[in-house]
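A.B. asks: Each chain is listed here by its residues.
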Amino acid sequence: MPLTPVLSAHWDEADSYTLDGYRRHGGYDALALAFAKQPDDVIQLVKDSGLRGRGGAGFPTGMKWGFVPQGDGKPHYLVVNADESEPGACKDVPLMLANPHSLVEGVVIASYAIRANHAFIYIRGEVPHAIRRVASAVREAYAAGLLGQNILGSGFDLEVTVHAGAGAYICGEETALLDSLEGFRGQPRLKPPFPAVAGLYASPTVVNNVETIASVPSIVTNGADWYTSYGSEKSPGVKLFAVSGHVERPGIFEAPMGTTMRELLEWAGGMRKGHRLKFWVPGGSSVPLLTEEHLDVPYTYEDIAAAGSMLGTGTPMVFDETTSVTRAVTRWLEFYKHESCGKCTPCREGTYWLVDLLRRLESGVGSDDDITRINEVSAQIAGRSFCALGDAAATPFPGAMKYFADEIALGTHTAASDLYDPVAATVLAGVNA
Amino acid sequence: MTVTTASTSGDTLEPRPDLVTLTIDGVETSVPKGTLIIRAAEQLGVAVPRFCDHPLLDPVAACRMCLIEVEGMPKPQPACAVTCSDGMVVKTQMTSAVAGEAQRSVMEFLLINHPLDCPICDKGGECPLQNQAMTSGQGDTRFDGPKRTFPKPINLSAQVLLDRERCVSCARCTRFAEQIAGDPFIELLERGSQQQVGIADDVPFNSYYSGNTIQICPVGALTSAMYRFRSRPFDLASTPTACEHCASGCSLRTDSRRNAVMRRLAAVDPEVNEEWNCDKGRFAFRYLESDRRLTSPLVREGGELRPASWDEALVAAANGLKTADGKTGTVTGGRLMVEDAYAFSVFTRRVLGTNDIDFRPKGSSPEEEQFLAARVAGRGLGPTYADLEGAPAVLLVAFEPEDESPIVLLRLRKAAKAGTRVLAVAPAASRGLAKLDGTWIPSVPGSEATALQNLAPDVVDLFGQAGAVVLVGERAAASPGLLTAVGELCDRTGAALGWVPRRAGDRGALDAGLLPTLLPGGRPVADAAARVDTAAIWGAAEVPETAGRDLPTMLKAVEDREISALLMAGVQLDDLPDGAEAALRAAEFVVVLDTHDHAVVQFADVVFPVAAAPEKAGSFVNWEGRVRPSSQPLRTSLMTDARVLSVLGAEMGVAGLESDPVALMAQLEEFSGWEGARVSPPSVAGAPPDPGPGLLLATWRPLLEATHLQSGEPYLAATARAQEVWLSTGEARELGASEGDMITVTGASGSVTAPLVLAEVAAGAVVVTGNAHRALGASGVRVQVAVEGQG
Ligand SMILES: Cc1cc2nc3c(=O)[nH]c(=O)nc-3n(C[C@H](O)[C@H](O)[C@H](O)COP(=O)(O)O)c2cc1C
Ligand code: SF4
Ligand code: SF4
Ligand code: SF4
Ligand code: FES
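From first to last, the protein sequence lines are chains A and B. Take the first sequence: its letter number 309 is residue 308 in numbering that gives the first Met the number 0, and every next letter is one higher. Take the second sequence: its letter number 502 is residue 501 in numbering that gives the first Met the number 0, and every next letter is one higher.
The following block holds chain A by itself, in its conformation from the complex (with noise of 0.2 Å):
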């Protein structure tokens, strides 16, 4: 397959994330396209389009847009989940350091289709720069007149909130971000009612991510049969894949759906010198992991399902031969009890627990009981959390062990240290030796 740069198509430009460089390549051109439809009519595009959601789910986007109920006199919101913080995910930042107005014109376009007249930005709070470029843009709309009231003479207003989050990987729940939002502490609602129907103060609200709303503009531009001409019936379009780890050259790479990792790979310069690949996660740390022999499995919802990991974020992490799988495990579990949000007793405290029994493994006490009941644990989470971080953190280990038991059995004698040098799997390995 070839890359199909379409978002990442001018960042190699200086002034790429300015409106005039965004401009120069007939950025803001969908916004007329689209004011000439009817909003309804606009959703249908989406729908036809088979846009899914890029913030790990893959729900189609357009059905979500259908759900927001019309005529109900209440008002109605779009929130852009751009909290990216799953361990392994780093697109939606780039996307918006280098090219923030696909971000807000496609905010126009999706709040014009869902009648939202205020749109909200959440970004997670570590990042301030991308958080810099995306306020600098909306300055940049509202006085081009593209923000604000009677935007291009459509009849049609918008105000857009700039909001940064506090540090929270919860707050990228959408339920959550939405507490988060109105000012309370980051944790996830129940269900329902959904947001679609009372979200954002009670009102019926649309939350997407960075990547899906992004897309929208060039969905509008060159139609849904452009759309679909890329990717799988299922899993349609282009995307941006994310690879980082042990590759010669991480980086993004904008490219249809189905593409292989092992074009991906390709792209980015193969393996580190000298190393073969361990395995590689498909979509953020909240994904079973593959091996190997799912090199040339297509990057599509179904085919990775099939073969038993998710697409989730579709940002590959990429390990060679120096990592230990065991210590991999454990640093994810680590983050998931320190993001927990503490809520639900299954998260809370099988975090907790899954923890203080991986470090066991790690340091090589373990025990073949602590082996099993891990994979017990994970089990007694899944499914039963209150929100889906508890799901998340109940993949890593079920995962591993499906491909690495023997490895992982060897923490009941030996470190993980002591198998694996931790230094040789980072970029200062050598440079000491």
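You can take every hint at face value.
Taking lysine to any residue and the SDA-like style, the derived pairs with C-alpha atoms no more than 25 Å apart in a straight line are:
| no. | chain 1 | residue 1 | chain 2 | residue 2 |
| --- | --- | --- | --- | --- |
| 1 | A | Lys401 | A | Met270 |
| 2 | B | Lys74 | A | Thr371 |
| 3 | B | Lys416 | B | Gln178 |
| 4 | B | Lys326 | B | Ala527 |
| 5 | B | Lys416 | B | Thr82 |
| 6 | B | Lys413 | A | Ala201 |
| 7 | B | Lys90 | A | Gly382 |
| 8 | B | Lys74 | A | Pro397 |
| 9 | B | Lys321 | B | Ala654 |
| 10 | B | Lys146 | A | Arg358 |
| 11 | B | Lys32 | A | Ala195 |
| 12 | B | Lys74 | A | Met400 |
Treat the hints as calculated values from the structure; they're not laboratory data.
Guided by the hints, dock chain B with the ligands onto chain A, whose structure is given.
C.D. replies: Frame of chain A, contents of chain B with the ligands only:
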């Protein structure tokens, strides 16, 4: 369109569109739409284990203890948060291995970080975690790592302590504080396994309702400073009692051990206090153990009171009262149980031969007497708490429910959440009113009657709606014309009228006829038929025909030597009008029945000790007119007031006065349903305050204050709200004062200094919260206001 087929029974039942039919553990059941699975299961006798669920709180589905299987849903579902729907097939732990396993898992998780220090935990023996670990757990843990620990305990307030390591993060306490009490001073903080309940740095959990969180905490994480480590639940004897502290009328459970009260809990009483009570009712009972308790009769000899035998005291009292020969006045407080109050009514009329009797505290007026006799006394039940909840609109007049009848506030909050409009004619928009999302109708003290007469037409219309209620507090007596105007408003609109006094015995005393113009059951003294009726029930030849004197008139009559003796019961100096000491001193003979030694006792010639409320069986009548029966948790050798009056009556020649509480109640019951004449309602014109220097004082007594019924409980006292002075922004500007400045308010007999709070206050008024009576007087007096240090 849904077509409902007839049920298998053969009878064709009317299909109920508001019902849904589902199957739980193989049993078909129909429940109202919106019913949660956990409630539907309860109705079938299936107890799904739970922690965060509470029927009076909104669901959170946080603890995950109640996971059950719902056919067609891929994951186990929380029974406490999923509503029943038609055709649903539910399997609880009784029939589903998945559900049973999910519950065992959650229980195991809950216990990994739990200290399991049951032997030293207050909750041990009555702990939902212990119990459900038995029913839904597995007896042993597989967790062998280090447990999370916290320094223990921390104070959420002076009274409420938190042992964080025992907390299961169920959010019952925080939801109670926010949803029920409207005091969101506690919140879950931090995250993950560090999540804990906490307070803001400088704002303790000083809620009048804080004790409820201790009761509903499903573990021993929340404890009270006063009960912590004092006893074990299995060593306690529980007795159903009624609260003696206020006219809300809570049902309580009194737990005692070795004849001492160890703690009190709110009992479940859906019609009154639901499952809640206030901290005063929960914690204020140490007065029973006070060293000022009276234990033996006292008689005065050589100017000093000395202990005496009952015989000696009875003879002395009988002689003294006989000597007064009909010139005795009876003054009871509003704290007596209704049986005792009724005994005073009988004794005063039959033995003392007079209608000189009054139960009301200072601030009462003839207008109030007429109002109560005409509109409240003997009217039976209603309006009720349920009426408040169902009312389209409720008007509060001279009444701050949070301080003056806390359970009324809780029910009004529930009502307001469901759409009831609350309005208040008041000198200020109080925080209590804000909790009710209420509308403030400004009125300076003294001009409330005018405000009522001038209500906007749309407001009047609100009260023309069926079910509307007007609640008037006892402070209304001090504002001339106000009770007249309240009655007229209800007459005009058809709104139901509720009178909410402060003390638990006030309404009972009124129904028992402890007023100079009133016999029991709302019968007017002036009505011949009422007197004949009364005499017949009493088996007496007659009852005195002359109207008696009210309290202020009695006290004046004592000074004028028209009354020579006083019979007093449960009355404190603070209840009496200013300057009452002079009358007490002037009285030739004073008999006092009381539980405690206090200032009034020192004026007595004969003192009889009597049993306190928890030491006897009896009842209170709450503001609704509802009888609140109370059993006897404590044994005592002391007699009830009624028993003392009975033996004293015999000593004075009237034998056979009833003293058995059941018989007294039965007799009082005979007075109900009076259809004869009533005292006519008052018709007093409003008298708005004259213009004058300074501001008009507005004040009401707080829930918590230093009275003897609240003595001995320092932790409770420490949660009392600090005194404040409220001024409008305009008034404050004129004074050159800003928020937080210390303001001195000076009245005729003293001054109060407290920090300024800028509030919505009616022009020309100043609010002083907390007890300002002693220093400044009652609402409506003129006071001077100055910034401290600025002359
Ligand atoms: C713990 C957790 C963290 C999440 N973090 C993010 C995030 O950072 N960005 C994001 O777009 N979606 C995140 N999601 C998914 C959102 O809940 C939601 O599904 C998504 O924003 C919907 O947008 P989409 O339909 O455009 O994908 C997270 C979900 C969970 C459970
Ligand atoms: S699974 Fe539970 S504890 Fe974990 S983040 Fe979600 S709600 Fe919070
Ligand atoms: S303190 Fe008690 S009531 Fe409050 S959250 Fe913890 S366990 Fe629940
Ligand atoms: S509200 Fe009144 S009746 Fe209820 S507990 Fe408190 S003082 Fe007692
Ligand atoms: S009782 Fe249902 S989740 Fe807590």
